[in-house]
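Number of protein chains: 2
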Amino acid sequence: MAFVDRILHCNSFTRGHVVPLLAGARRVGWLRHDNAKALQQHADVFHVGHDSVLLLAEGDTDAVSRAVDGVVDALVAERRVPKVRNETFDVAPRWGERPIFRLDRGAVPFFGVRAYGVHLNGYRYDGCNYSLWIGQRAKNKQVAPGKLDNVVAGGIGNGYGAAATLAKEAEEEAAIDGQLIGRAVACGALTYCMETRNGVRDDVMFVYDLEMPPDFTPCNRDGEIAGFELMPLAEVLERIRTTTDFKFNVNLVILDFAVRHGILRPDDPEYLDVANGLHRPLD
Amino acid sequence: MAFVDRILHCNSFTRGHVVPLLAGARRVGWLRHDNAKALQQHADVFHVGHDSVLLLAEGDTDAVSRAVDGVVDALVAERRVPKVRNETFDVAPRWGERPIFRLDRGAVPFFGVRAYGVHLNGYRYDGCNYSLWIGQRAKNKQVAPGKLDNVVAGGIGNGYGAAATLAKEAEEEAAIDGQLIGRAVACGALTYCMETRNGVRDDVMFVYDLEMPPDFTPCNRDGEIAGFELMPLAEVLERIRTTTDFKFNVNLVILDFAVRHGILRPDDPEYLDVANGLHRPLD
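Top line first, the protein sequences correspond to chains A and B.
Take the first sequence: its letters are residues 1 to 283, numbered as in the working numbering.
Take the second sequence: its letters are residues 284 to 566, numbered as in the working numbering.
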């Protein structure tokens, strides 16, 4: 088992399994063939063609969102969408563009719309070795229960930017206050595209590093993390290489940390596939 | 003009303009159609088919290199390759694999083989702002004469690894000794693929950061750099955005520096296209 296997696991997406979800001429999602078919009975909101599904609902963001919400309720009743999360993500063709509609987080994989999140590497460095604060996800989490996680991570809900999401999640998930999170450094964006039970996970992770003060211990406030542990990076990397203890996408965030901080190095034959593989091209 | 234009400029490669150069079943280069045709008269070394060119020369690395060298000499005589550089690059299907042959650097674009180099961001940080040591390339350089450059950069010649190349070039180009370059941190790999006058430039740049001591001024020893200047990063980024003063691929290295150090940030609408665009997928 090698580091690149963790990357391949997150990039299981196969173009032949899906059709594009279009808003006008722009793609905003990927629909698995069975998911596209399930939209045929909502012909007022979606036109299901052979090669694509077209969003028909018109109007401003509120109006389109209401129309799609009605479809999502039906999909939940049919158990095609597990449940409504009561947290909505903006849906736009590209990052930074005006959203066409808002979509409940629970329905994001069904429609295969691109989702954006923030991940924080909370690290310590003694001048020689790095350690990372690692959280263990609560056993009742819907996604990856009990798996190991970054000290802070969360999806960017509608109306929030990346920095605001980071500050909010840092406070809720790890009791990192505004002053401390203000020292976090934006370090890049990682991308992957994965087939999941419910559809497609087309994810962008905005990555931040924060050097944690020696006297600070993260403390969870929202019940999503069972506990935190400070782990030597070398041990973390060995667990990433040899186990699936870490949440699927957190492996990528930590591999990127190791690439950016010279822990993995170019003369390692696997280096280039890791460093390059963390960045799936955006279409 | 925007940052992404600098990235697009380095990614002018169009698949329809080339055919693959194959060694057995593996691709090792891209040949422009006119370049492929020029190999027809070397039928003992290359078989030129309709959709690909196959390397016929067999034997160990030395034997294949000798056969290809003969062809390169003819291509120089025909002015299809500008000149022999007397510096050879390893040619292999993937980084870390055994080379199939060595190719003179001057012929690398003609055959469109992937080339690997190192680039060093020599920076200073005052706790608030970054500055970069920037070199100006000598006016007699074959590629990008007079353009602005990283403090150290160089191609990885055959038999050298990335770290060894960095140390060698640091000494020759900027009088950075072994002790100082030993503090450089490997930070990732950038990739692009560009059509050039002579063929295809399929490049991997291994990127390093080095915090430069306040009392150190780089000094060129090999005549390739006309002079160095310490520039505020904000000014460097503005010149990258609004001018073509920097060598085409150096723009990418400095944009990556700005992404990794939180100078460019996710809430900028252009951020994702920059952060992602620096990493062209390897095939």
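No lab work stands behind these hints: they were computed from the structure.
Here the structure is a predicted model, which is why all the values come from computation and not from measurement.
Don't take every hint at face value.
Stated by the list, open to error - With a Cα cut of at most 20 Å, we get these calculated SDA-like pairs of lysine to any residue:
no., chain 1, residue 1, chain 2, residue 2
1, A, K83, A, Y123
2, B, K451, A, A115
3, A, K168, B, G545
4, B, K320, B, D356
Said to hold, decoys possible - Using C-beta positions, here's what the derived DEER-type ranges look like:
no., chain 1, residue 1, chain 2, residue 2, range
5, A, D126, B, D566, 38 to 48 Å
6, A, N129, B, A458, 49 to 59 Å
7, B, G379, A, E97, 51 to 61 Å
8, A, E78, B, G379, 47 to 57 Å
9, B, L337, A, G70, 56 to 66 Å
10, B, D550, A, E229, 23 to 33 Å
11, A, K139, B, D566, 51 to 61 Å
As the list claims (entries may be wrong) - Covered stretches of chain A, going by a simulated chain B footprint (3 or more residues, C-beta under 8 Å):
no., stretch
12, 50 to 61
13, 186 to 195
14, 264 to 271
15, 274 to 283
All residues carry an ideal CB built from backbone N, CA and C; glycine is no exception.
Hints that the structure is at odds with (numbers, increasing): Of the numbered hints given earlier, those the structure breaks are 1, 2, 6, 7, 11 and 12, listed in rising order.
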